[in-house]
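Q: Given chain A, work out where chain B should sit, using these hints.
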Amino acid sequence: MHVGLEQYLTVSFLLFALGLLGVIMRRNLLVIYMSLELMLNAANLALVAFSRFNDNLNGQILVFFIITVAAAEVSVGLALIVALYRKRQTAHVEDLTSMKL
Amino acid sequence: MKYEILPWLILFLPLLSAAAITLFTLRCKTMSSLISIGAVAAGFVMTVIFVNANGIHFSGETSTNWLSIGKLNVDFGLKLDALSMMMLFVVTGVGGLIHIYSYAYMDEDPGKARFFAFMSLFTFSMLGIVLANNFLEMFIFWELVGVSSYLLIGFWFEKPSAGDAAKKAFIVNRLGDFGFLLGILMVWGLLGSLNFSALQNSIIANPAALGAMATTAGLLIFCGAVGKSAQFPLHVWLADAMEGPTPVSALIHAATMVAAGVYMLCRVLFLLDADALHVIAYIGGFTALLAALIAVQQNDIKRIIAYSTLSQLGYMVMAVGLNGPTPAMFHLTTHAFFKALLFLSAGSVILGMHHEQDIWQMGNLRKKMPVTFWTFLIGALALSGIPPFSGFYSKDSIFAQCLEQKNYLLFGVAVFVAALTAFYTFRLFFVVFFGKEKSEHAKHAHESSLVITLPLIVLAVFAAIGGFIGVVNNYASQFAPDHETLSFAQQLMEPLKTPIPMLIGIGVALLGIFLAFSLYKNATNDPLPAKLGKLAEAMKNRFYFDEIYEATFIRAHDFIATVADWIDRWLVEGFCIGAIRGGTDLSGRALRLMQTGNLQTYAFLFVLGVALLLYFVLGK
Numbered sequence: 010m011h012v013g014l015e016q017y018l019t020v021s022f023l024l025f026a027l028g029l030l031g032v033i034m035r036r037n038l039l040v041i042y043m044s045l046e047l048m049l050n051a052a053n054l055a056l057v058a059f060s061r062f063n064d065n066l067n068g069q070i071l072v073f074f075i076i077t078v079a080a081a082e083v084s085v086g087l088a089l090i091v092a093l094y095r096k097r098q099t100a101h102v103e104d105l106t107s108m109k110l
Numbered sequence: 029m030k031y032e033i034l035p036w037l038i039l040f041l042p043l044l045s046a047a048a049i050t051l052f053t054l055r056c057k058t059m060s061s062l063i064s065i066g067a068v069a070a071g072f073v074m075t076v077i078f079v080n081a082n083g084i085h086f087s088g089e090t091s092t093n094w095l096s097i098g099k100l101n102v103d104f105g106l107k108l109d110a111l112s113m114m115m116l117f118v119v120t121g122v123g124g125l126i127h128i129y130s131y132a133y134m135d136e137d138p139g140k141a142r143f144f145a146f147m148s149l150f151t152f153s154m155l156g157i158v159l160a161n162n163f164l165e166m167f168i169f170w171e172l173v174g175v176s177s178y179l180l181i182g183f184w185f186e187k188p189s190a191g192d193a194a195k196k197a198f199i200v201n202r203l204g205d206f207g208f209l210l211g212i213l214m215v216w217g218l219l220g221s222l223n224f225s226a227l228q229n230s231i232i233a234n235p236a237a238l239g240a241m242a243t244t245a246g247l248l249i250f251c252g253a254v255g256k257s258a259q260f261p262l263h264v265w266l267a268d269a270m271e272g273p274t275p276v277s278a279l280i281h282a283a284t285m286v287a288a289g290v291y292m293l294c295r296v297l298f299l300l301d302a303d304a305l306h307v308i309a310y311i312g313g314f315t316a317l318l319a320a321l322i323a324v325q326q327n328d329i330k331r332i333i334a335y336s337t338l339s340q341l342g343y344m345v346m347a348v349g350l351n352g353p354t355p356a357m358f359h360l361t362t363h364a365f366f367k368a369l370l371f372l373s374a375g376s377v378i379l380g381m382h383h384e385q386d387i388w389q390m391g392n393l394r395k396k397m398p399v400t401f402w403t404f405l406i407g408a409l410a411l412s413g414i415p416p417f418s419g420f421y422s423k424d425s426i427f428a429q430c431l432e433q434k435n436y437l438l439f440g441v442a443v444f445v446a447a448l449t450a451f452y453t454f455r456l457f458f459v460v461f462f463g464k465e466k467s468e469h470a471k472h473a474h475e476s477s478l479v480i481t482l483p484l485i486v487l488a489v490f491a492a493i494g495g496f497i498g499v500v501n502n503y504a505s506q507f508a509p510d511h512e513t514l515s516f517a518q519q520l521m522e523p524l525k526t527p528i529p530m531l532i533g534i535g536v537a538l539l540g541i542f543l544a545f546s547l548y549k550n551a552t553n554d555p556l557p558a559k560l561g562k563l564a565e566a567m568k569n570r571f572y573f574d575e576i577y578e579a580t581f582i583r584a585h586d587f588i589a590t591v592a593d594w595i596d597r598w599l600v601e602g603f604c605i606g607a608i609r610g611g612t613d614l615s616g617r618a619l620r621l622m623q624t625g626n627l628q629t630y631a632f633l634f635v636l637g638v639a640l641l642l643y644f645v646l647g648k
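Protein chains in written order, with this note's numbering: chain A, 10 to 110; chain B, 29 to 648.
In isolation and in its complexed conformation, chain A is listed as follows:
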């Protein structure tokens, strides 16, 4: 079976949709965070696929940047979640509605 751009993009779309579903449906902040990473990697996959099929390295360079930024973001985000957990003793989004009027 020939694996073309369409197949890559389909996988990328499925990954993205799964991540989005996780972000919307799951209650635990950590899991939401993992789903977010999934969405980022779906985007990475699409970029790499475009890069490969267009014979152009720009997309891959962009992926490296995204991975770097994501690593930084994870460290900050996890630190925030830990701090939040220490303060509220919970990591469930239903309990974090103090922005509501």
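FYI, nobody ran anything at the bench for these hints, they're computed from the structure. Note that CB positions come from ideal geometry on N, CA and C, so glycine has one too. Do not rely on the hints blindly, as some may be mistaken.
As the list claims (entries may be wrong) - Chain B is nowhere near these chain A residues, computed Cβ spacing over 10 Å in every case:
id	residue
1	13
2	14
3	22
4	43
5	70
6	76
7	84
8	94
As the list claims (entries may be wrong) - Partner residues are not named here, just some residues of chain B that face chain A (Cβ under 7 Å, in silico):
id	residue
9	625
10	626
11	627
12	628
13	631
14	632
A: Just chain B now, kept in the frame of chain A:
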């Protein structure tokens, strides 16, 4: 024109004084009063210097462009001619004496500094009216006079009656000013200028320039004079204005503010056509009669003099209406002397009587207050028109003017009013200075200090000789250029040229005095109500004008105000504004429901938004 700077200084010194007192010396009473007196006295001295240098029979203007918008060019300028020079003498001279008098009169008042600041502001405004060379400038000072008279009448604002009187004076004046402003706009619209000289030239060039609106424009301008000079039907403010301190009454209601209306009419006489003059003459005559009748039955010493002022103003307006600006201004000047004298003498009596103003509480003050007695007598004789006092000459010139215009009705009114004038003046005189002391205060009355009696004496001299010291020459040179200058003796004998009005005038004045003498020589209460019955009651109640206005205009105004209030409260605020406010509020409440605070709801909506956007961008 030599010393052109002097009139500017005369005008602005009182303003500087008012500013200096308000900003710096409000805590120092003596300093404040000296600044204020200095400003007006300097004004008098500068007027003398200016007139000496230029002579009084000249006509000039000094002005600077103030604003120009499209076709409208307004100067801020000073009109300098015999008319304004004579008025400068009256305002700074009589006004200066009143300032000096106030120094002693207001001595115990804690607000003395404030009083002098207001006096200076008033003097500035009045000088502005006198010197203005165009309608707009005059109107601004006209309103300033209204404001400063409001401040002065309401000087003792902690008394509710003074506050009310101040408001009444201001509002009634505004009514007249409204007509005045319309008149000014009409003149500007028709003739395209506001400058008095330019207006006069265009009227001379084309007497029908105002066309069909001539009478309307003239009467609208007259509205201003009706308000300021307290003519019927806006005469009601003047008597109430007696709530102010007595020097204020002398300054505002004798020498200056009420004279502004007459002065303005004389200034713009060329704009008034025959029909307008006719109305003016009859309103003046009616006011003179009405006020004289009311004065007969008043018991407050200041109110009697106030109604007498109204009556004399009626004379002046009538004289203007009879095309006699010279007699009108002549009477205005002599009236400024003797009426200021009467007011200030009354103030001296009030001081001596420990602020008692009811004449039936006084009596026999002749012995206790000799200087006041003599000065008051001179003022009363001048007011009644007894020769050779000043009032005789000016009043006689008005009588002669009536006959010259062959207006026998107004001549009859004028003569009758003259009799009434002599009667009520000497009623006051006999009750206050003769007979028995009618209260304890009267027994312990004392003569006032020299600072008070000195201005009285100076004014008394002028009230006595004012009729033949050249006043009439100066006015005649303004209004009738071919008028020959009369020598001293000619002025003294001037009334003899028209013996009929002179003899009638003297006769009715003596009759009035005799009647007052026989009725009030030793009276302890008023014998007139018993003789006149209902009429005396009506006179005492000022012919119920206040009550009539209360029942008609004020009621109607209250009704309109209630309706307007209802519309504002329910239609404008309740319905229109309420709907907008309620709609915003309601949609705000609905939109607030979307703010759940749940992170995932936001994320879901965000994705939904992206999906919609993608659909619209790519799906088509």
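Q: Taking the hints in turn, state whether each one holds.
A: Against the structure, the hints come out as follows:
no.: 1; hint: 13; result: holds, 21 Å
no.: 2; hint: 14; result: holds, 18 Å
no.: 3; hint: 22; result: holds, 12 Å
no.: 4; hint: 43; result: holds, 15 Å
no.: 5; hint: 70; result: holds, 26 Å
no.: 6; hint: 76; result: holds, 23 Å
no.: 7; hint: 84; result: holds, 21 Å
no.: 8; hint: 94; result: holds, 15 Å
no.: 9; hint: 625; result: holds, 3 Å
no.: 10; hint: 626; result: holds, 6 Å
no.: 11; hint: 627; result: holds, 5 Å
no.: 12; hint: 628; result: holds, 5 Å
no.: 13; hint: 631; result: holds, 5 Å
no.: 14; hint: 632; result: holds, 5 Å
Every hint, counting from the list given before, is met by this structure.
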